[in-house]
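Asker: Required output: the full structure, derived from the provided sequences and hints.
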Amino acid sequence: MSDPVIHLADGAVAIAGRPILRHIDLTVPAGEFLALMGANGSGKSTLVRALTGLHPLASGSLTLFGTPFHRFRDWRRIGFVPQRGGATSGVPASVWEVVASGRLTRRRPLRPLGRADRRAIADALDVVGLARRAHESVSTLSGGQQQRVLIARALAGEPELFFLDEPTAGVDLPNQQILADTLQTLSDRGATIVLVAHELGPMAPLIDRAVVMRDGRIAYDGPPLASEQVATAHLDLHDYGHHHPEPERHDHAPHIASPIEGPLEAER
Amino acid sequence: MNEYLDLLGLPFMQRALIAAIFTGLAAPAVGTYLVQRRLALMGDGIGHVAVTGVALGLLTGASPTWTAVVVAALGAVLIEVIRERGHANGDVALALLFYGGLAGGVLITGLAGQSGARLQQYLFGSITTISVGDVVVTMALAAVVVLICVGLSPQLFAVAQDQEFARVAGLNVRVYNLLVAVLAAVSVTVAMRTVGLLLVSALMVVPVATAQQLSRSFRTTLAAAMLLGTLASVGGLLLSAYASFHARVAPGPTIVLLALAGFVVAWPLGVWLRSRRRLRQPFPVVEAAVHQTIGEHPHQHGVDCGHVAVPHGDHVDYVHDGHRHAEHGRHYDEH
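So the protein sequences, as listed, match chains A and B.
According to numbering that gives the first Met the number 0, the stretch in the first sequence is residues 0 to 267, in order.
According to numbering that gives the first Met the number 0, the stretch in the second sequence is residues 0 to 334, in order.
Since the hints were made in silico from the structure, they are not lab data.
Among the clues, some could well be false.
[Unchecked claim] Facing chain A, from chain B, some residues (calculated, C-beta under 10 Å):
hint: 1; residue: Leu38
hint: 2; residue: Ala61
hint: 3; residue: Ala159
hint: 4; residue: Ser214
hint: 5; residue: Arg215
hint: 6; residue: Ser216
hint: 7; residue: Arg276
[As the list claims (entries may be wrong)] Simulated restraints on C-beta separations:
hint: 8; chain 1: A; residue 1: Arg107; chain 2: B; residue 2: Gly301; range: 41 to 49 Å
hint: 9; chain 1: A; residue 1: Pro173; chain 2: B; residue 2: Leu238; range: 39 to 47 Å
hint: 10; chain 1: A; residue 1: Glu198; chain 2: B; residue 2: Glu326; range: 54 to 62 Å
hint: 11; chain 1: B; residue 1: Glu326; chain 2: A; residue 2: Arg72; range: 55 to 63 Å
hint: 12; chain 1: A; residue 1: Glu198; chain 2: B; residue 2: Asp313; range: 46 to 54 Å
hint: 13; chain 1: B; residue 1: Ala102; chain 2: A; residue 2: Ala13; range: 37 to 45 Å
Note that the coordinates shown come from a computational prediction; the quantities given were computed from them, not determined experimentally.
No residue lacks a Cβ here, since even glycine has one placed at the ideal position from N, Cα and C.
Answerer: What follows is the structure, given as structure tokens:
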């Protein structure tokens, strides 16, 4: 097992023809707890979505667990926690049901849940501390609790590699602490964790390595930073030449597109 | 009463009953997934497209049921493709197909030299004129829809709940999306003879809306919606048959109105249950800044004192007049 869990060489992502990420080299060894940081729009979420295959790579090569991505089928080794909002839908769903859908990486269609499945679901609910609320509707939970449900869902598939996209955004401090404790548990079990975060908060002591994104490129890659250093991290790095400060542009015009037009999603 | 029982014994009535049972089971099963995706009106869009299919059948002399299945499935796939490639939730795509389908259907019916009355059978249903062949087709298609909706429910649930998670879990999201679209098209045509194309969506959506007033999980919603759909379609048919001795009562609208009546009953109940549950949610445990006691309290709080009792950490707060009173030794604390 000398293969790194993630190996991305010279990766680039373009959305609707516009280059968003350029020249990304990232290697994550097994068991590492990596924090992907950076300002809004710096491309940190896009990078995670590229690593999970949600955004296709425009160029470069991605290897997961030593397998080139286009041949990668071992989805059970990956647990993905998307940005919040995916927990509720138009029909009520219980906490248990949402967490149970995390087992689909290991279940074949038309087979009932086995004993191992049920144990994994119960264990996942235990780790995030929601076992007693398993049969409540997800929509009655608070934002932080819904985020924990999404983590439990990823956990239920018993993956080795976790991607978490801004799990602490809009979550109060006590819930952030519970999230941090959960991630500590996962990390202690040997999981590799890629955490996208704007601010680390109570997670800070868990981080092994920080990668700071800026304008679609990696601006810093090294030991954990204090949060006030993140904003200026790119100034310490001379590899990428000099930067001109760019004025922030905001498009206030409402977006109108015909339904036939191609996907035009901006980074969410 | 006797002549009512005689009526129920007639072959056309028994065919209608069988069709009603199968339609009532299948339509809400697909409808649950449509509501979950917030595409409650998709059934309506497909229904309008199917009008063109029926008209094509009338024009070519082929069975309108089968041409409707084909055209509705194509329309459903088109809606899904536009939704996937386009922006947001595709309500514009639905609108385009709504009007295209209806206009095309009426135009082609005219070209075929058929009267509006013939088309109306399909627009508003005519369950009592259903033939033996139609019953068999209805049963077969409905059974397929129900089997897939229930059998693949973990996958369909996950895809409708969170597409991105489903993709990273290795599910082929596009295939499942198209499957739901085609299933919706099939159940629209199945329900076409029962409630009619213009009212189809009601049978797909209203039982789900009723069920989710009282349910907390997806599986109970799905099961309850199928049960309510069957009750509504069978009940509506029996009701309209009973009323037919006194007045001209069409089964299709009766079924839909009965389903809506169910919702009208369940909705206030759901509102009451939800507010009750909210009031009894435990208060968060936070270190109290000040210890504020209440000197004189003429009332003794208890299990049956009539005030809402809310768990708060290791004790219970009694809520009245905007205060939270917690028992502390001989007196009450303001929490």
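Asker: Failing hints, ascending?
Answerer: 2, 8, 9, 10 and 12
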